[in-house]
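Colleague: Here the protein sequences come in this chain order: F and R. Start counting the first sequence at 1; every next residue gets the next number (full-length UniProt numbering). Start counting the second sequence at 1; every next residue gets the next number (full-length UniProt numbering).
Note that these hints are calculated values from the structure, not bench results. There may be inaccurate statements among the hints.
[Stated by the list, open to error] Computed cross-link-like contacts, DSBU-like style, restricted to lysine-lysine with a CA-CA straight-line distance of at most 30 Å:
#1 F:K433 - F:K423
#2 R:K151 - R:K220
#3 R:K183 - R:K129
#4 F:K361 - R:K129
#5 F:K361 - R:K275
#6 R:K183 - F:K361
#7 R:K183 - R:K350
#8 R:K183 - R:K127
#9 F:K143 - F:K124
#10 F:K411 - F:K394
#11 F:K409 - F:K394
#12 F:K409 - F:K423
#13 R:K220 - R:K306
#14 F:K361 - R:K272
#15 R:K148 - R:K220
#16 F:K361 - R:K350
#17 R:K272 - R:K183
#18 F:K361 - R:K127
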Amino acid sequence: MHRYGYSNGQPAAAYPSAGKAAFIDPHNKFQPRTRSMLRRYLPSIKIGGIIALVVTALLIFFPGLRSYIPLSIDEGFELETVRYYDLSNVQGTARGWEREERILLCAPLRDAAPHLPMFFSHLKNLTYPHNLIDLAFLVGDSKDNTISLLSELLEDLQANPDWKEAYGEISIMEKDFGQKVNQDVESRHGFAAQASRRKSMAQARNWLLSAALRPTHSWVYWRDVDVETAPFTILEDLMRHNKDVIVPNVWRPLPDWLGGEQPYDLNSWQESETALALADTLDEDAVIVEGYAEYATWRPHLAYLRDPYGDPDMEMEIDGVGGVSILAKARVFRSGVHFPAFSFEKHAETEGFGKMAKRMKFSVVGLPHYTIWHLYEPSVDDIRHMEEMDKERKAKETKEREERERMEKIKDQFDNPSSQWDKDKSDIRNMAKQEVEASEAEKPAEMRVESNNGKARIIDPLDEIPVLGEKPPPSW
Amino acid sequence: MPPFRTARRGTSPITIGLLLMLTVGFIYFLFSAPDSPTIRSATKSATNALSPPSLPFIKSKSDGQQPPPPVVHYYMSNLTASADPVANRETVLILTPLARFYPEYWENLLHLTYPHELISLGFIIPKGKEGNAAFQQLQVAVSKTQSKSSKKRFASVTILRQDTESPLPNQSESERHKMENQKARRAAMSKARNSLLFTTLGPTTSWVLWLDSDIVESPKTLIQDLASHNKPIIVPNCFQRYRDPQTNTPAVRPYDFNSWVDSPTAQQLAAKMGKDDILLEGYSSMATYRSLMAYMVDENGGDTNKEVELDGVGGTALLVKADVHRDGAMFPPFAFYHLIETEGFARMAKRLGWTSWGLPNYFVYHYNE
Numbered sequence: 001m002h003r004y005g006y007s008n009g010q011p012a013a014a015y016p017s018a019g020k021a022a023f024i025d026p027h028n029k030f031q032p033r034t035r036s037m038l039r040r041y042l043p044s045i046k047i048g049g050i051i052a053l054v055v056t057a058l059l060i061f062f063p064g065l066r067s068y069i070p071l072s073i074d075e076g077f078e079l080e081t082v083r084y085y086d087l088s089n090v091q092g093t094a095r096g097w098e099r100e101e102r103i104l105l106c107a108p109l110r111d112a113a114p115h116l117p118m119f120f121s122h123l124k125n126l127t128y129p130h131n132l133i134d135l136a137f138l139v140g141d142s143k144d145n146t147i148s149l150l151s152e153l154l155e156d157l158q159a160n161p162d163w164k165e166a167y168g169e170i171s172i173m174e175k176d177f178g179q180k181v182n183q184d185v186e187s188r189h190g191f192a193a194q195a196s197r198r199k200s201m202a203q204a205r206n207w208l209l210s211a212a213l214r215p216t217h218s219w220v221y222w223r224d225v226d227v228e229t230a231p232f233t234i235l236e237d238l239m240r241h242n243k244d245v246i247v248p249n250v251w252r253p254l255p256d257w258l259g260g261e262q263p264y265d266l267n268s269w270q271e272s273e274t275a276l277a278l279a280d281t282l283d284e285d286a287v288i289v290e291g292y293a294e295y296a297t298w299r300p301h302l303a304y305l306r307d308p309y310g311d312p313d314m315e316m317e318i319d320g321v322g323g324v325s326i327l328a329k330a331r332v333f334r335s336g337v338h339f340p341a342f343s344f345e346k347h348a349e350t351e352g353f354g355k356m357a358k359r360m361k362f363s364v365v366g367l368p369h370y371t372i373w374h375l376y377e378p379s380v381d382d383i384r385h386m387e388e389m390d391k392e393r394k395a396k397e398t399k400e401r402e403e404r405e406r407m408e409k410i411k412d413q414f415d416n417p418s419s420q421w422d423k424d425k426s427d428i429r430n431m432a433k434q435e436v437e438a439s440e441a442e443k444p445a446e447m448r449v450e451s452n453n454g455k456a457r458i459i460d461p462l463d464e465i466p467v468l469g470e471k472p473p474p475s476w
Numbered sequence: 001m002p003p004f005r006t007a008r009r010g011t012s013p014i015t016i017g018l019l020l021m022l023t024v025g026f027i028y029f030l031f032s033a034p035d036s037p038t039i040r041s042a043t044k045s046a047t048n049a050l051s052p053p054s055l056p057f058i059k060s061k062s063d064g065q066q067p068p069p070p071v072v073h074y075y076m077s078n079l080t081a082s083a084d085p086v087a088n089r090e091t092v093l094i095l096t097p098l099a100r101f102y103p104e105y106w107e108n109l110l111h112l113t114y115p116h117e118l119i120s121l122g123f124i125i126p127k128g129k130e131g132n133a134a135f136q137q138l139q140v141a142v143s144k145t146q147s148k149s150s151k152k153r154f155a156s157v158t159i160l161r162q163d164t165e166s167p168l169p170n171q172s173e174s175e176r177h178k179m180e181n182q183k184a185r186r187a188a189m190s191k192a193r194n195s196l197l198f199t200t201l202g203p204t205t206s207w208v209l210w211l212d213s214d215i216v217e218s219p220k221t222l223i224q225d226l227a228s229h230n231k232p233i234i235v236p237n238c239f240q241r242y243r244d245p246q247t248n249t250p251a252v253r254p255y256d257f258n259s260w261v262d263s264p265t266a267q268q269l270a271a272k273m274g275k276d277d278i279l280l281e282g283y284s285s286m287a288t289y290r291s292l293m294a295y296m297v298d299e300n301g302g303d304t305n306k307e308v309e310l311d312g313v314g315g316t317a318l319l320v321k322a323d324v325h326r327d328g329a330m331f332p333p334f335a336f337y338h339l340i341e342t343e344g345f346a347r348m349a350k351r352l353g354w355t356s357w358g359l360p361n362y363f364v365y366h367y368n369e
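Next up, chain F with everything else stripped away, as it sits in the complex (with noise of 0.2 Å):
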C-alpha cells in the first residue's frame, strides 16, 4: 500500500493542478473556444509544452540530471519512521531456512587481512539462503589492511548479479578500543595475557553484537575468520538440533612432525567438581582459562572426546563454549546473555556466555563429532622447531653434497685407477716371475691376493706396492 503512496495516496501534492481537472464540464467540452482566447494563449502554450518536453525527455535519458534540481518533495514525506515487530516470529525453529528466519553473521575481526580471502570463501559456499544472512563485523585496532580490503569484498559479494547470492543487511563497525595486547599467536595464547585479553575480546564481541541485532533475528552465528575447513551446510547442521547455544567441534590439522591432527579448541568443556571448587578458591577477579597447566581442571572437554567414525549427530551437554563457530538463538542475546568483560562465575568471553546461558536455563551442546577445521598458524616453539629441522635438512644436504663432491673429486684425481692397478699388477706379476726365475734355488716369495669390495689388491712382501697417489683413500 505505501508503494503506491504517491500515486493515489496524496494526490493533491502528486498533481498539483489536478483540481482544475475537475471543473472541465463533459457537457461542454466540445464548444469551439473563441478564436481570439486561444490565439492570445497558443504561443505560450506551445513554447511552455515544448520546453516541458524537452525537459521530460532530458530527464528520462540523462537519469544523472535528475539529482540537480531542488526536490520540491517534503524529504520526510517519504521516511519511514516506525516499525513494528513482533518477537514471537523470531524465536528459532529447528528448519529455520523454510520460515525464512534471518541469522546475524558476526565477526570480530583484527588484524585479519590475510585470513578474509579464505573466510569470503566460506561465505559464498554457504548454502543457507544468502538474502536471509546479515552480516556485521567489528574491526578494531587493525594496524593492515583489513578494513579496505574487507570493503572491497563485501562489494564484490553484494555486486553479484544473482540476487540470492547476495546478503542481507551489512554493517562494519569500527571501534578502536586502544588494545595493547598483541594478535601474535604466542602472546595470544600465552597465560598471563589471558584473562586481559579475553576480556576485550569480550568487549569486542558484546560491542558488535548489540549493535547489529535487530528484532529481525532469529539466529545469530558467531565465526572466526580464520576457519579453513567447515561444512557448506553448517548454519543447517547446527540449526537442525534446534538448541539455544550450539558448538561444533574445532580441530586444527598439524604437520605430520607434530601428529597430523590436533584440538584446537579447548573452550568447550562441561563443568567439573575440581574446577568448581578452584573457582571458590579464587579471587573475584581471576578467570579460570582452560588449556593450561596453572589451572588443572579435569574438565571433560569437547574436543578431546572426537571419534573421526563418531555420529556427528550425537550432542553433549556443555558449560563453557569455545567461540571459533557458535550458533545461538538470538532470543538468548535479546534477554541478556552476553559475553562477560568481567569475571562472571570466574569466567569470561566466550566461556562466560556459556556460564550466563546457562545460568539462564537455556540449553547450551557441544557436537563431539562434527568437526570443523581451525587453520594452523605454527607457534613460536612449533617455528623454532621447524627451523631446527629445517637446518638439519639443510646441514645433511650439505654434508651429502660435499661428500659426493669429494667422491667426484676422488675419482677425477685418480684418473681409472683400476685400469692402472690391473697394469701394475700384471707389471708386479712379471717382475715376480722374472725373480722367481732368476733366483730358483732361493727361497720362493710369498705372494697373496687381498679382496677388498671386489677390488683386488695384491700385497707384495718382497715388493710393498710403491705409493701411486699421494695417499690411499681412508675407507680403504
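Got chain F sorted already, so can you dock chain R onto it with the hints?
Modeller: Relative to chain F, chain R alone:
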C-alpha cells in the same frame, strides 16, 4: 483518461494544460524513482528496511526485486556521549517497557525540549488483553506524532510485541509489589528490558534513557539536565504526587526505592543467602539499612545538581551512556550478587568499571493509581 482523448479533437488550452499537467506528473514520478540514491536527506537515514531501528529509512517504492542492501560503515570510534549532547548532536534512545498507556506519559514525552530529530523511541508491549489495549492507544498517539506535518516528530519509533513471560496476569499495584512475586516479576521485566535494549540499540546511539510508562511528569529538559553531569549512569529521584487524606492537600512521597548506597547489613544478609536468592528493598521483613536516595532529599528544595554515588539504581527514569550497555551491562534476570533487574544492572556496570550516580534533589513523578 477518456476526457483527455476526446478533448484532443479541439485545440482547447485546457487540453494543452492537461498535457502540461501530465508532464509535471511525469517529472514528479521521475523524482520519486526508486533508483535515485543521490537524493538523500541531510539527516541520517538508511536506504533499506534492513537497518538499525534507531534510524528512519527511505521506504522502497517499487514492486519486485530490490537491489541488495549496501555495505554500511559505522564509525563507532567517533561516537560521543558528552555533557553537552545537543551541541554534539548526540542521539538518544528512549526505551519504555509498556504495560499500560497513560496519555500523561505521552504528553510529557512530547514536551521534552531535547531536539526530537535526535530522539528514537523504543517500546516493548506484552501480548494479551491489557497489552493489546496499550498497543492500540500507543499506535494512535504515535501515528499522530509521527505524521509528516507534525512538528514533534521523533527520528524513529520501534514497537515490539512479545509473548507474556510474566507468570502474573494481574499487574495491579498491590499484587505487583508482593514480596514473593517480586523475583519472578522483575526477572520477566529484566528480560523485556534486555530484549528491547539489544534489538533497538543501534550503532549510532549515544545515550539510552529508560523511562517507565508510568512516569507522567518530568522537567522538560530532563535529558539535557541528566546528561550535563556527564556520568555513565545517572538516576533522578522518583516521587509520586498524591492528595494527603488528613490535610486534603496535594503532597509528594517517595516512590522508587531501588536507588541506594549499600550497607554492611545488606552485605551480611547477602552472604548468608543461597545462590539464587535476591535482596529486595522497601520490605520491612528484610531490613537492609541501605541509604536510600528517596530519603536523601534536602528540605526546602536543595541543590538540584547534588550528586550521590550509588550502588543500586531504579529504572523508572535512568540515563545511561550507550557504551555502558555495549560493554555488556544489562539487566540480569537472575540473582547477580543477590541483585536483580536495575539493581543488578548497577552492580554489573560496576564490575565493568562504570559508576552509578543519583540526583536526590531532581525529581520525576510517577503515576498514582
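Colleague: If a hint holds in the structure, say so; if it doesn't, say that too.
Modeller: Hint-by-hint comparison with the structure:
1. F:K433 - F:K423: holds (15 Å)
2. R:K151 - R:K220: holds (16 Å)
3. R:K183 - R:K129: holds (23 Å)
4. F:K361 - R:K129: Holds. K361 of chain F to K129 of chain R sits at ~28 Å (cutoff 30 Å).
5. F:K361 - R:K275: Given that 30 Å is the threshold and the Cα spacing comes to 15 Å, the pair holds.
6. R:K183 - F:K361: Holds: K183 of chain R and K361 of chain F sit about 16 Å apart, inside 30 Å.
7. R:K183 - R:K350: holds (22 Å)
8. R:K183 - R:K127: Satisfied, since the Cα-Cα distance of roughly 21 Å is no more than 30 Å.
9. F:K143 - F:K124: holds (27 Å)
10. F:K411 - F:K394: holds (25 Å)
11. F:K409 - F:K394: Holds - the C-alpha atoms of K394 of chain F and K409 of chain F are around 22 Å apart, at most 30 Å.
12. F:K409 - F:K423: holds (23 Å)
13. R:K220 - R:K306: holds (19 Å)
14. F:K361 - R:K272: holds (24 Å)
15. R:K148 - R:K220: Cα-Cα ~23 Å, so holds.
16. F:K361 - R:K350: holds (25 Å)
17. R:K272 - R:K183: holds (18 Å)
18. F:K361 - R:K127: holds (23 Å)
Violated hints for the displayed structure: none, as all numbered hints are satisfied.
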